[in-house]
Each structure stands twice: as C-alpha cells, then as structure tokens.
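Novice: Full structure from sequences and hints, please.
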Amino acid sequence: MAVWRVKFTKTKRDKLAQVLWILNWFSVLTGAILFSLGIFLKVELNKQEEMMADRDIHYVPNMLIAVGLIACAINFLGGKICYDCVDTNKFLRWKLIMLPYIIFTFFFTFCVLVGALMCYTMRGELEESLNLGLTQAMKFYKDTDTPGRCFLKRTVDILQIEFQCCGNNGYKDWFQIQWISNRYLDMTHKDVADRLRSNVEGKYLMDGVPFSCCNIDSPRPCIQQQITNNSAHFNYEHQTEELNLRMKGCRQALLDYFTHIMQSIGLTVLIIWLFELSVLTGVRFLQTSLENVLKQGDPDSESDGWLLENSFMETARTNLNIIKSLGKSNQIDDGNNGDPNINVPSTSIANYGPDNVPPKEAPEAS
Amino acid sequence: MVVMKMKFPFQKRVQLAKGLWLLSLSATVAGALTFSLGCILKTELLRRAEVMDNSNIHVVPNTLMIVGLASLGINYFASKICQDALDAGQFPRWKNFLKPYFAISSFFTVLMLLAVIMSFAMTGSLEFSLKVGLRNGIRFYKDTDTPGRCFQKQNIDYLQMAFECCGNNDFRDWFEVQWISNRYLDFNSKEVKDRIKSNVDGRYLVDGVPFSCCNPTSPRPCIQYQLTNNTAHYNYDYQTEELNIYLRGCREALVNYYMGLMNTIGTAVLSVFLLQGSVLVSLRFLQTSMEAVAGQENTEIETEGYLLEKGVKETVMEFVDPLMKFLLFTNKVEEGESTSAATT
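Just so you know, the sequences run in chain order A and B. Under my numbering, the letters of the first sequence match residues 5 to 370, in that order. Under my numbering, the letters of the second sequence match residues 486 to 829, in that order.
Among the clues, some could well be false.
[What the hints assert, rightly or not] Here are the simulated distance ranges between beta carbons: (1) A:E48 with B:N621: 35 to 45 Å; (2) B:T713 with A:E48: 53 to 63 Å; (3) A:K51 with B:Q568: 48 to 58 Å.
[Unchecked claim] Partner residues are not named here, just some residues of chain A that face chain B (Cβ under 8 Å, in silico): (4) R158; (5) I184; (6) Y188; (7) I220; (8) P223; (9) R224; (10) C226.
[Unchecked claim] If you want a taste of the chain A side facing chain B, the calculated C-beta under 7 Å gives, among others: (11) T148; (12) D161; (13) I162; (14) D190; (15) F215; (16) C218; (17) P225; (18) F238; (19) N239.
FYI, nobody ran anything at the bench for these hints, they're computed from the structure. Just so it is clear, the structure is predicted and the values come from calculations on it, not from any experiment. By construction, the Cβ of each residue, glycine as well, lies at the ideal position given by its N, Cα and C atoms.
Specialist: Structure below.
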C-alpha cells in the first residue's frame with residue numbers, strides 16, 4: 005500500500021521533469037539568497053562586536069552560509085538530473101544516484117529548518133551577550149589612554165547616537181560608574197576631593213551622562229549634568245522630563261534591532277525550506293515513476309509514482325533492519341564453520357552414486 | 486562648401502547602420518542613467534531643503550531629468566531610423582521627419598552640455614543659499630515654540646551630528662546668537678540678569694555651543710560651555726584643543742558634500758553627452774548617404790555623406806531665418822495696425 009500513489013502518463017512525466025528543472029534552478033537562486041542572508045547577518049553582528057561579550061552567537065550566520073552554499077550545489081545537481089530525466093535513456097545514467105540524492109536532500113532540508121529555528125532562539129543568548137558587553141564597554145569608557153580600549157569611548161558615543169539610546173538598561177547606569185577620566189579631574193579642587201572621599205571605592209560618581217545621551221527632539225538645550233537636581237535648572241522637573249535624554253536602554257535598542265533582522269531572516273528561511281521540500285517531493289515522484297516505467301519495459305507507457313512504496317511503518321521497519329544488518333555484516337555465521345559451500349542441496353538429475361564411498365585399493369604394482 | 490564630406494560604399498553604409506543601432510541602444514541606457522542621476526541629485530537636495538535659502542540649484546537636477554527623458558525618445562527614433570536604413574525602400578518615409586528631428590536633438594544635446602557646465606559652475610550659488618539658510622537656522626534654533634520654526638532645532642542638531650560640523654563658518658557663530666530660549670532662563674538669577682544687561686540688544690549670549698557640536702572621537706568628555714575660559718576646565722587649552730568639538734563649519738561641509746556629488750554626476754553626464762553626440766553625427770552621415778541613394782536603380786552604389794550641406798554659418802541662418810521672419814512679420818502686423826489706428 006503505497007503512500008500517495010499518482011498515475012503518470014508520458015507527457016505528464018516529461019512536463020514534471022521540465023518544471024522541476026526550472027524549479028531547481030530557482031532553488032539555486034534561493035540558495036544564493038540564503039548565503040547572502042548569512043553574510044548580511046554576519047556583517048551586522050561584526051559591526052557591533054565590541055558590545056558583545058562572546059562570539060558564540062556567530063554560529064547562526066555561519067550555519068546559514070554553509071546551508072546556502074550546500075543548497076546551491078544540491079539544487080544545481082538536481083537541475084542537471086531533472087534535465088536528463090525527460091529522456092528515459094539519459095535517466096539510466098542517474099538511476100543509481102537518484103535515491104541516495106533524494107535521501108541526502110531530505111536530511112539536508114532538516115538542516116535548513118534547524119537554521120530557521122535557530123534564528124528565533126538566538127534572542128536569549130544575544131541578550132546575555134549584550135548585557136555583559138555593554139557593562140564592560142561603559143566601565144572602560146573613560147580609558148581613552150589605555151591601548152586596546154582607546155576607541156571604546158567613540159564606539160559607545162556613536163552607538164548611543166545611532167541607536168538613540170542611553171546606558172545599558174537606562175541612563176541611570178551612567179550614575180554608577182566613573183565615566184570621566186582622572187586625567188581631567190582637578191584633584192586639588194574641594195568639590196572633586198569631597199566627591200571622591202564620599203565614595204567607598206574612591207570613584208568619581210556623578211548624576212550626569214555623556215553628551216551622546218542627549219535627545220535631539222528636546223525643545224530645550226540638553227541637560228547633561230545634575231540631572232536629578234531640580235533646583236540646578238530653571239523650570240525643570242526630573243521625574244516628568246521625558247524628552248531631555250534618551251529613555252531607552254542600549255541593550256533593549258540593540259536587541260530590538262537584531263531581533264527584527266532575525267525574524268525577517270527566519271521567515272525567509274522558512275519559506276525557502278517549504279519550497280525546497282516541495283521541489284524534493286516532485287523529484288521523488290519523478291524518480292519512482294521513471295523507475296516503474298523502466299520495470300514495465302515500454303518507455304512510453306503510463307506508470308505509477310509514489311512517495312513511499314509501502315506504508316510509513318513498513319518502510320521504517322525495513323530501513324531499521326537494513327541498518328541492523330549492516331552492523332552484523334562483520335560477524336561470522338557459526339553454524340557451518342563459516343564455509344558457505346556446505347549443505348548446498350544438489351539440484352542435478354544425474355546420479356553419481358552414493359556419497360562417501362571409500363576408494364578401491366589399486367592393485368600394487370610389483 | 487560642404488562640411489566633412491566622406492565616401493560611403495554600400496558595405497560601409499551597412500556597417501554604419503548596424504553599429505549605429507548598437508550605439509543608440511547604449512545611448513538609450515545612458516539616457517535612462519542620466520534621468521536617474523537627476524532624480525538622485527534632486528532627492529539629496531530636497532533632504533536638506535530646510536537649510537537652503539533658495540532653490541536655484543534645483544535647475545541642475547531638473548535639467549538632467551528633462552534631458553534624460555528626451556534622450557530616451559531621441560535614441561528610440563535613431564534606432565528605428567537605422568533599422569530602416571538597411572532597406573533602401575523603407576528609408577524615404579523618414580525624409581520629412583529628419584530635419585526637425587535633428588534640430589530638436591541638437592537642442593537637447595546642447596542642453597545636456599549646459600547641465601554639465603552648470604553642475605560644475607553653480608558652487609557660488611549653492612554656497613550663498615546655504616550661508617543664508619544656515620544663518621536663519623542658527624538664529625531660530627531656540628524658537629521651538631514658534632509654529633513654522635519648531636523643527637529648526639532638531640534639523641540643525643541632526644545636521645551637525647550627521648555632517649560632523651558646527652555652526653555656519655565655524656563654532657564661533659554660536660557665540661553671536663542667543664540659542665537658549667528665554668523660557669529656560671531664570672530671570673531672577675543674578676548671573677542671567679548681568680549677562681542680559683551687558684548685551685546691547687538684551688540677548689543672552691554665551692561662549693557655549695549645543696551638544697550636537699560635540700566630537701565623539703575626543704578622549705575627554707565634551708566641553709560645551711565656557712569654551713574660551715581655560716580656567717573653567719582642568720587641563721584645558723582653548724587655542725590648542727582640536728578634538729573637543731567639530732571645528733569645521735556646516736556650510737563648508739555641505740558644499741563639499743554636494744559639490745562632490747555634482748562633480749561625479751557631471752563627469753558621468755559628460756560621457757553620456759559624448760555618446761549622444763556621436764550617435765547624432767553618425768545618424769547625420771547615414772541620412773545624407775542614404776538620401777543620395779534614393780531614386781537610384783542600383784541601391785548598392787557608393788555615395789557621399791556629409792555633415793552640413795552648406796557652411797556652419799549658412800546652416801544656422803537657414804534655421805534662424807524662418808524664426809526671424811515669423812517675429813518680424815508679427816511686428817509688422819502690429820505696426821500696420823497701429824498706423825491704421827492712428828490715421829483713422
């Protein structure tokens with residue numbers, strides 16, 4: 005009882021082969037699209053690599069790149085096969101390769117699906133990575149004289165301006181770190197000395213933020229220093245002021261940006277997966293119908309095509325047995341001491357006499 | 486006196502027609518390119534329209550767009566004509582069409598050259614327009630509550646951050662303008678009152694700049710206020726400090742940006758002009774050589790092709806004369822009417 009049996013006339017088979025040829029070439033294009041989506045994601049992640057604590061997240065674009073390249077190769081081969089399948093003679097060339105090709109492609113489509121799902125599950129890891137990375141970057145904001153960290157200030161400033169955000173969770177993160185280097189603090193000044201003394205670790209903390217946190221939509225000039233002190237500024241209410249600084253945290257802003265990219269890419273990859281699967285189904289039908297035609301002998305006759313010859317359970321059982329016997333092929337059969345020739349029944353009509361007759365003793369020559 | 490006479494055997498005519506067909510195809514593509522370059526330039530100019538006082542500079546992209554569209558039509562007809570030129574029977578039907586066609590094509594080709602020249606030469610006009618526009622923008626920076634000007638602050642801030650510039654000529658322009666609105670000044674404070682009293686016009690001027698002038702590449706946190714006062718900040722020398730705020734003026738930054746864009750576009754359109762010119766010259770040769778074939782029994786004879794039948798001056802007079810006659814005739818009619826009106 006075959007799974008999804010369909011009758012194929014000769015013209016229907018030819019048409020199927022031609023359509024599949026075109027679809028396979030289209031799939032090469034979608035494979036290239038997958039590859040370029042992977043490259044795009046890698047470039048975007050690299051642009052913000054200073055804000056990410058670890059590079060593990062790069063397995064997602066790497067997977068997409070690999071899958072895209074393999075998809076191009078597979079569909080190119082599929083296109084060649086389908087082009088030859090219009091002619092039954094040329095099909096004989098590919099006959100032995102087709103079934104392994106279909107099985108390989110079927111498992112490969114799982115990889116495409118995994119790639120799509122990874123796009124959606126990446127979010128949690130990304131959040132962790134961004135959290136740590138941003139905390140580090142803000143801590144080293146003031147170290148513009150330390151080699152290896154001297155451009156971190158510029159990177160953070162440009163990030164806050166571009167993504168319209170401030171700090172890790174919010175602008176208050178800047179109150180908890182010293183972001184003004186000691187090189188620019190007048191240690192002899194009373195205010196500075198007081199502030200340093202009042203802090204346990206001797207850090208110069210203030211309720212101010214860098215200029216890159218300023219919101220350009222604000223109707224008044226930016227208030228960066230003494231943000232929590234209402235009396236320091238005229239007509240200013242710290243609790244209700246929303247337009248002065250950027251309220252969004254940079255972690256949230258970056259996460260939103262990358263999640264948006266990932267969701268679009270994930271959706272595209274899912275659609276490509278469905279397309280690949282349908283092309284594979286078509287190739288399977290083509291293969292089975294051509295094989296049946298060859299079995300029948302007449303290349304112009306009608307034949308059946310199916311997905312699976314037997315039902316799912318039987319096919320699964322048969323395949324499991326094959327896999328088990330592959331494992332057993334190295335073991336010796338103990339019954340006949342390994343000799344396959346013993347106990348082969350004789351089928352000849354001629355009677356050569358009874359077995360095991362001892363030879364007559366030849367007369368000794370004197 | 487014929488201009489540029491050349492002999493054209495049959496094979497050479499055929500080759501000219503085929504080559505011209507390919508050339509006109511590429512000229513069509515080039516015309517579409519010109520149109521799109523004009524659109525790009527116009528979009529870029531419109532994006533910064535708030536800091537431009539007048540729109541004189543828009544004549545460049547407008548001309549480019551017109552010329553691009555016209556060249557599409559010109560080259561379409563050119564390809565049709567040279568397709569028919571291979572067949573001596575079909576060619577005569579273009580006879581009456583070709584004279585006005587060449588007149589119009591030459592006009593648009595010259596217009597293309599004018600657009601190229603303008604894209605290089607209009608720096609002065611652009612600079613003046615930006616100067617006035619930026620001055621107004623800086624003056625109205627504080628008027629975020631005045632309808633019609635409430636987005637000036639946002640525009641100027643965004644401009645200064647995007648183009649990495651400060652002020653009109655440089656950051657000192659901000660010292661001469663009150664950019665902090667009175668709404669946010671505490672008039673009870675002694676300091677504010679002193680400053681306003683010390684100014685002739687009663688304006689609150691400071692030696693400070695908005696935050697959008699701050700340079701992110703500076704190693705120290707941005708110093709916006711009391712820029713000229715070295716003692717107000719630790720380890721700070723106003724004369725030698727280069728990285729703190731952007732030193733470039735926004736006018737210079739914008740002029741450089743737009744001139745770079747227009748120079749690139751001008752160079753590309755110049756090559757399109759040369760291509761278009763060669764199409765027209767080849768078509769003229771083809772036309773004149775095919776006209777000599779018309780009426781002959783043997784269409785494969787050698788003919789002569791030329792650019793202009795008479796000299797340059799005479800050809801120009803030929804075109805200008807009907808125009809002059811038309812204008813003079815209308816004048817004469819008017820004069821005649823006025824004299825007849827005077828006598829009655």
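Novice: A separate judgement is required for each hint: does it hold in the structure or not?
Specialist: Outcome of the hint check:
1. Distance hint check for E48 of chain A and N621 of chain B: the Cβ-Cβ separation is about 39 Å, which falls inside the suggested range of 35 to 45 Å.
2. Look at T713 of chain B against E48 of chain A: about 43 Å separates their beta carbons, and that is not inside 53 to 63 Å.
3. The hinted window of 48 to 58 Å between K51 of chain A and Q568 of chain B holds, with their beta carbons roughly 52 Å apart.
4. At about 5 Å, the closest approach between the beta carbon of R158 of chain A and any beta carbon in chain B falls short of 8 Å, and the interface hint on this residue holds.
5. Interface restraint check: I184 of chain A against chain B, minimum CB-CB distance 5 Å, threshold 8 Å, status holds.
6. Because the beta carbon of Y188 of chain A sits about 5 Å from the nearest beta carbon in chain B, less than 8 Å, this interface hint is met.
7. The beta carbon of I220 of chain A comes within 4 Å of a beta carbon in chain B, closer than 8 Å, and the hint placing it at the interface holds.
8. For P223 of chain A, the interface hint holds, since its Cβ comes within 8 Å of a Cβ in chain B; the closest pair sits about 4 Å apart.
9. Of the supplied interface hints, the one on R224 of chain A holds, with its beta-carbon coming within about 5 Å of a beta-carbon of chain B, less than 8 Å.
10. At about 4 Å, the closest approach between the beta carbon of C226 of chain A and any beta carbon in chain B falls short of 8 Å, and the interface hint on this residue holds.
11. Nearest Cβ of chain B to the Cβ of T148 of chain A: about 4 Å, under the 7 Å cut. The hint holds.
12. A hinted interface residue such as D161 of chain A counts as satisfied when its beta carbon comes closer than 7 Å to some beta carbon of chain B; here the least separation is about 4 Å, so the hint holds.
13. With a cut of 7 Å, the hint placing I162 of chain A at the interface with chain B holds, because the nearest CB-to-CB distance is about 5 Å.
14. Interface hint at D190 of chain A: satisfied, since its Cβ lies 4 Å from the closest Cβ of chain B, which is below the 7 Å cut-off.
15. At its closest, the beta carbon of F215 of chain A sits 4 Å from a beta carbon of chain B; the interface hint therefore holds under the 7 Å criterion.
16. Here the hint on C218 of chain A is kept, as its CB sits about 5 Å from the closest CB of chain B, short of 7 Å.
17. Against a cut-off of 7 Å between C-beta atoms, the interface hint on P225 of chain A holds, since the closest Cβ of chain B lies about 5 Å away.
18. Restraint check, F238 of chain A versus chain B: the minimum CB separation of about 4 Å is within 7 Å; hint holds.
19. Annotation: N239 of chain A was flagged as interfacial toward chain B, and the flag holds, the nearest CB pair being 6 Å apart, inside 7 Å.
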